[in-house]
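Student: Here's the letter readout for the chains.
Protein chains: 2
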Amino acid sequence: MLLAKIYVTLKPGVLDPQGEAVMGGLKAMGYEGVTAVRVGKYLEVQLDMKDRQEAGRQVEEMCRRLLANPVIEQYRYTLEEPAAPFTNETP
Amino acid sequence: MLLAKIYVTLKPGVLDPQGEAVMGGLKAMGYEGVTAVRVGKYLEVQLDMKDRQEAGRQVEEMCRRLLANPVIEQYRYTLEEPAAPFTNETP
Chain A
501 MLLAKIYVTL KPGVLDPQGE AVMGGLKAMG YEGVTAVRVG KYLEVQLDMK
551 DRQEAGRQVE EMCRRLLANP VIEQYRYTLE EPAAPFTNET P
Chain B
501 MLLAKIYVTL KPGVLDPQGE AVMGGLKAMG YEGVTAVRVG KYLEVQLDMK
551 DRQEAGRQVE EMCRRLLANP VIEQYRYTLE EPAAPFTNET P
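Going line by line, the protein sequences match chains A and B.
When the letters of the first sequence are read in order and numbered with the numbering used here, they come out as residues 501 to 591.
When the letters of the second sequence are read in order and numbered with the numbering used here, they come out as residues 501 to 591.
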């Protein structure tokens, strides 16, 4: 079992209205030290695979094809052994 | 200048319809090895502060008050020196 932790963020220079809204909220709440906020996605994909190289190849492809929009987003990921496997279901 | 990298995820056991939709999509695309997907948020908050302890206290509070819903979400964060400061603006 392998766990891919995937971080999808907007490319530098792409306007981030969600980040601006969060920054506005934080400043309105009194956090004056905040100078910029960027908002991205974080995904955990659990793979029933042992071959790290093949898993990496597939995760890379998933990012390009579905999880990120390569025009405006960049992505990075790590592959690790999950501490405890999880499911999408309620326990 | 400090950069807080914040990861907000659903607590274990909380149903994740977005994760299920992504898993359905990945399986439909032929990625048979995928056994579970969880979707969360990733935020980068840049702070014009030097005191790491005070920054950590503020980030913790931001998470509790605005960035995460403590009823269904959990969060973790790291604080580091940014490689290159960023803005919300287009260059």
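Just to be clear, a hint being listed does not mean it is correct.
Any copy will do: because identical chains look the same in the list, a pair fits if it lies in one copy or spans two.
Restricting the straight-line Cα-Cα distance to at most 25 Å, the calculated cross-link-like pairs of lysine-lysine (BS3-like) are [stated by the list, open to error]:
1. 541 to 527
2. 527 to 505
3. 511 to 527
4. 550 to 527
5. 511 to 541
Worth flagging that the hints you see were computed from the coordinates, not collected in a lab.
Student: Would you mind marking each hint as holding or not holding in the structure?
Tutor: Comparing the hints with the structure gives:
no.	hint	in the structure
1	541 to 527	both (22 Å within a copy, 20 Å between copies)
2	527 to 505	between (30 Å within a copy, 18 Å between copies)
3	511 to 527	within (24 Å within a copy, 27 Å between copies)
4	550 to 527	between (46 Å within a copy, 18 Å between copies)
5	511 to 541	both (13 Å within a copy, 16 Å between copies)
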